[in-house]
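Undergrad: The residues making up each chain are set out below.
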Amino acid sequence: MAEKPSGGTTSVVTMLDSTLESVDAAEEIVLKAAEEMGFDEDSRYQIGMAVRESVVNAVVHGNRYSERKKVRLSVVKGDDRLTILVADEGQGFDPSSIPDPLAQENLLNQSGRGIFLMKTFMDEFQVRPVEPTGTEFVLVKYLNRKA
Amino acid sequence: MSVKLSVRKVGDVTVIDAVGRITLGEGASSFRDTIRDLVAKGDKKIVLNLGDVSYIDSSGIGELVSAFTTVTNQGGQLKLLNLTKRIQDLLQITKLYTVFEVYDDETKAVQSFG
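These protein sequences, in sequence, are chains A and B. Just so you know, the first sequence maps onto residues 1 to 147 in the numbering used here. Just so you know, the second sequence maps onto residues 1 to 114 in the numbering used here.
I should point out that these hints are in silico values taken from the structure, not numbers from a laboratory. Even for Gly, the Cβ is constructed at its ideal location relative to N, Cα and C. Heads up, none of these hints are tricks.
Straight-line alpha carbon distances no greater than 20 Å define the calculated SDA-like cross-link-like pairs of lysine to any residue that follow: (1) B:Lys85 with A:Glu41; (2) A:Lys70 with A:Glu89; (3) B:Lys95 with A:Ile115; (4) B:Lys85 with A:Asp42.
Far from chain B by the CB rule (all over 10 Å, computed), these chain A residues: (5) Lys77; (6) Leu85; (7) Glu124; (8) Leu143.
Now the stretches of chain A that chain B is said to cover, found in silico as 3 or more residues with beta-carbon under 8 Å: (9) 49 to 55; (10) 108 to 122.
Bound-form chain A, shown alone (with noise of 0.2 Å):
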């Protein structure tokens, strides 16, 4: 893990597991950072759910579990926003492909929530392909501002 004051920004890398466990250490990691930004308790779980989702997404369909791939985690404070980066080492993919989980022939779909989620909890939301292999979301919470 690697500290890196940056102006009014702080940034904090941590390279995990390809594990379901992971979820569980990166919600822990971008809590306590929301905690200590003063975030409220129902931002601090939307926050909890976007980024448990982008962990499950990394570790379950970008890195497939592998252990030789890692999700790298980058947590940024800023003065007005949480910024959280979840890199994975995958294939990469296209968030269009995936069907619109509100659709009514979708609703019974048993997966395919977890980006809507995340768009849905965060204010700024993104996802972009990383080099030389793998994709990253960029989630970004506002202070004093409700989703």
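Start from chain A and add chain B according to the hints.
TA: For chain B alone, coordinates are given in the frame of chain A:
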């Protein structure tokens, strides 16, 4: 912490009391196994009490949906009881609130099967 399930009978209705978290991994799979066992035994009137479930993620939501379809496909009914505010909100934003029959009173939930 994962979910802990206990099953009891109220007349001919099966009530599952769930305590803990329904998330990807052990929580979700034990939930799935319990529902499958009940359906295999012929239980068709099932109430799932989520009053002590503190947390559900998208996998947990998926398990609720899967349980619903498993029971429905066998000609049974699965109804939800005592949703916390957060689970209620989750079902609302995922539009599943219209799919499930939801009760906040066990007697009414049990009587609803007729």
